[in-house]
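Engineer: The primary structure of each chain is shown beneath.
There are 2 protein chains.
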Amino acid sequence: MAEKTEVTAEIISIGDELLIGQTINTNAAWLGEQLGLIGIRPVRTRVIGDDKVVIMEALRTCVADVVLITGGLGPTKDDITKHTLCEFFSVGLKRDQQVERHIEALFASMGRDPKTLQEVNRAQADLPENCTPVPNSRGTASGMWFEHNGRIMLSMPGVPYEMKGIMTEFALAMLRDHFKPPVIVHRTILTAGLGESLLAERIAAWEDGLGPHAIKLAYLPSPGVVKLRLSTYANTDAQAAKALVDRKADMLYKQIPELIFGEGEQTLEQVVGQQLKTRNQTLALAESCTGGFLSHLITSVPGSSAYYIGGVVSYANAVKMEELGIPSDMLDMNGAVSQPVAERMAQGVRTALRSDWAIATTGIAGPDGGTPDKPVGTVWVAVAGPNGVVSRLGNFPGTRDLVIERAAMSGLNMLRKQLAWAH
Amino acid sequence: MAEKTEVTAEIISIGDELLIGQTINTNAAWLGEQLGLIGIRPVRTRVIGDDKVVIMEALRTCVADVVLITGGLGPTKDDITKHTLCEFFSVGLKRDQQVERHIEALFASMGRDPKTLQEVNRAQADLPENCTPVPNSRGTASGMWFEHNGRIMLSMPGVPYEMKGIMTEFALAMLRDHFKPPVIVHRTILTAGLGESLLAERIAAWEDGLGPHAIKLAYLPSPGVVKLRLSTYANTDAQAAKALVDRKADMLYKQIPELIFGEGEQTLEQVVGQQLKTRNQTLALAESCTGGFLSHLITSVPGSSAYYIGGVVSYANAVKMEELGIPSDMLDMNGAVSQPVAERMAQGVRTALRSDWAIATTGIAGPDGGTPDKPVGTVWVAVAGPNGVVSRLGNFPGTRDLVIERAAMSGLNMLRKQLAWAH
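Listed in order, the protein sequences are those of chains A and B.
Take 50 as the starting number for the first sequence in our numbering and just add one per residue.
Take 50 as the starting number for the second sequence in our numbering and just add one per residue.
Don't read these hints as lab results, they were simulated from the structure.
Even glycine gets a Cβ: it sits at the ideal position worked out from N, Cα and C.
Just so you know, nobody snuck in bad clues.
Restraint-style ranges between C-beta atoms, simulated for each label pair:
id, chain 1, residue 1, chain 2, residue 2, range
1, A, Thr75, B, Pro306, 26 to 34 Å
2, B, Ala222, A, Ala289, 50 to 58 Å
3, A, Ala289, B, Tyr210, 35 to 43 Å
Next up, chain A with everything else stripped away, as it sits in the complex:
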């Protein structure tokens, strides 16, 4: 798979819990992203079980320059990766003093009595003789770096927080130093407001103009957002590759200005937060069908307390009346899922919490509660601001989770447009 001009990587994720679906493999996605950022191209991920024979077979059939192995390194008895690595490299285990001191220090820092440090914990300092330990500042299982047949193999624990610490604090820099990989140029342009098919129709002519090989385009849809990723490998002239991608991106910006909300790793909630910060304005929320999810999105952004005052989750109608000032006859006449109620919720929470802006949601997330008039997925979203209130009816397809997510994204996107264009 690998061309000489690029550095390739593959990931081996070990764990029965991944195969049987009790745990989602978020590690592989995160690693793929991090590798791309340093110009190493992920070509394959394999997920396999906690089985010595299968792990050994996976180690024997690697194809990439870098092999990142996650999982199967913990204090409990179902962990066998380390012993399989010893067998693969035909080496024994050796207790690493520095790693053992680190384990002791970690236990002490958690306020645990040194006497509770069991041999099962100390044994985590036993590492294959041919490995270079890579420090794990966040846990007891050390990273293990091997050079083997011109290939770098790095084994890390499966706990995402610990694995990420090993990578960001040490291993990414070690990989960059080792391979000095060529540059991959990519830009990911983020859109909201049109689904994948309609977006593809709208930008078909532009897409045809990308040419068959020079730039690769990928549509990356998620609820409420379609990411457009432009990429090219800059094997010889990085500047020219970047200029080409930028030129195509500029054309796209001109064609769909109102749909583009950001680039790269930005999220709609980050963009809205930044808009509010820039304007020195504040936000409050009144959520019914989204049930706190919109608030969670907003507060998942570090520093959101600078612009987010708070919100009311008004699941029961009594809360809508008492906390948000919705008149009971308005609820009786229109039902809770209606334009007047959504607008009054937004205005009510904006007044009660004295914010500049407010988003309100009311709808039927399902699976029950739908009617012929208002089927599951019917959601009114309203945004109240200094110039009044706007609202929009959504008919969101999908399961309860998807309706909630799409309604929340719709509210964020409405606020984004208001903040971008209302003065």
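Mind docking chain B on chain A? Use the hints.
Structural biologist: Just chain B, lined up with the frame of chain A:
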């Protein structure tokens, strides 16, 4: 990998977006779980890019009885799976009339003018000649079922909602009918309140009693929860295998009764919801550091409006004072992250929203805002109920997201214990 007595499966997930980490491969986890439930054992997942050569190589090197392929089937130009399947099977494409009618009907149901149905959409009805179409009620890309060299290969779109529709409505039943797979017995026992290492120490003797081969135990930790999965393959005597697993599970229940909150696919929020329903009681929330996440967990459960009244996200201190009645001198004297404030928040929202129970959270989610006295991860959680209020100080490790998640799970677990044992 496969033994004659069991049916094995592997998953091929196709998509550059998965490799470069722009999308997390939730499909593989879901498929692994569903396969397990019908007694088919997942042995491998491979994630590969949108590349004909690589897809072809993956198709050629399958090892399992069932091969589920997701991704690379959409209306946009980066989809190449279908053409690669034609090449692999040495067949051509043929337009399927029934699939074409379905695509037309789907467009009509979305209120779109038939004239907007482009050839790019109609072309989704072009399927490999040797395939049996498997209906996709949720989208335009048909599932494609192949029988090849004694193996079943099923290609599906990568959109999770559509793929899940194909599997649950048709493909799982088709697989069960085709293979009549042997039974896998497993029980997954859910615990909250102890981390993986401490839990392992506490149940070490029980674990040793499982024997070396008969029953496999896996620890599946996630923030706030450790799942213990007991499994065994019942190739000959399913009843005996089930009895053995049940006996070991009973012993575990006796040993850690207060830590076990449920089994299988249950979540803490479902268990708490069921407890409230059984008691015909209601819940309200006052969230500061969890920022709506706890409310989102509660409302992610269908039917939660039966017991969840609503909540207040009191990010700003003004909201704590005005909506929850926290005296300003209490905030001044103790700080917002303190036991008295957490307890008063819980009592305040319980009174304001007239619920039977209330959970409150106040803490420092990070990454900023920590002090030597109250570092990042310091969270007070309080539960107010008919008999008064209890509170607990947590020091949660990890990133902002993890602190939020652990604090929310801690609140749910505290309420679960109150509901289980308080009268």
